Amino acid sequence: DRLQALVDRLLAPHRRPHVVGDVNIHEICERVRSLILAEFPRGLVVERDYDASIPEFRGDREQLIQAVLNIAQNATQALGGGTAEGEASVGGRIARGDARIVFRTRVARQVTIGKQRWRLALELHIQDNGPGVPEAIRDRIFHPLVSGRDGGSGLGLTLAQTFVQRHQGTIECDSIPGRTVFKLLIPLP
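So in the numbering used here, spot 189 of the sequence shown is number 192, and the numbers just go up one at a time.
Hints may be right or wrong, so weigh each one.
Claimed, not checked - Restraint-style ranges between C-beta atoms, simulated for each label pair:
{"id": "1", "residue 1": "192", "residue 2": "158", "range": "25 to 33 Å"}
{"id": "2", "residue 1": "50", "residue 2": "177", "range": "14 to 22 Å"}
{"id": "3", "residue 1": "24", "residue 2": "180", "range": "38 to 46 Å"}
{"id": "4", "residue 1": "42", "residue 2": "65", "range": "16 to 24 Å"}
{"id": "5", "residue 1": "42", "residue 2": "120", "range": "36 to 44 Å"}
{"id": "6", "residue 1": "120", "residue 2": "169", "range": "14 to 22 Å"}
{"id": "7", "residue 1": "50", "residue 2": "141", "range": "23 to 31 Å"}
{"id": "8", "residue 1": "140", "residue 2": "58", "range": "33 to 41 Å"}
{"id": "9", "residue 1": "22", "residue 2": "138", "range": "32 to 40 Å"}
{"id": "10", "residue 1": "138", "residue 2": "37", "range": "29 to 37 Å"}
{"id": "11", "residue 1": "101", "residue 2": "38", "range": "16 to 24 Å"}
{"id": "12", "residue 1": "119", "residue 2": "42", "range": "35 to 43 Å"}
{"id": "13", "residue 1": "48", "residue 2": "119", "range": "34 to 42 Å"}
Claimed, not checked - Taking lysine to aspartate or glutamate pairs in the DMTMM-like style, the calculated list, with each CA pair at most 20 Å apart, reads:
{"id": "14", "residue 1": "186", "residue 2": "63"}
{"id": "15", "residue 1": "186", "residue 2": "52"}
{"id": "16", "residue 1": "186", "residue 2": "50"}
I should point out that these hints are in silico values taken from the structure, not numbers from a laboratory. The structure presented is a predicted model; accordingly, all values stated were derived computationally and were not measured. Even glycine gets a Cβ: it sits at the ideal position worked out from N, Cα and C.
Turn these sequences into a full structure, and let the hints steer you where they fit.
In structure tokens, the structure reads:
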């Protein structure tokens, strides 16, 4: 249902309104965490490091779930899908039980997003210990149809960026082998 709604919004954005309501970022992270662990049940650890003081904000819950899910799914795929059955992944770098994703939330103060200054912003880090984003595509990962994976559509990060931008936010990526961090910044009231 969620994917069908997403396709409907993408193919006919004028027909479906932007559904805005109160959003709790930790509920979004927990929803994505449960989806990821259901898809990759073995060998993947998803840690939580939440700042409980982050207030709710107005936003489209489904779009934010999809944005975080797209980034987290890329991380699990880079980690070898949680290295099920104890197989080594990506050149043997990640052994069973060592595949790790961390969701970290913080409040950032005095943040500039685009050309606008915000007093407070939500800062969500999605970090993994995979092989990193290939250097050849690092500066283009948010472009449509750019993928570092065989069979990848190259739309996941493009959609994530679009949905975060609809919330006046931005996504940044910092990646080296063994540590990739996607940082989402979204203004808070």
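Violations among the numbered hints: As far as the earlier hints go, not one is violated by this structure.
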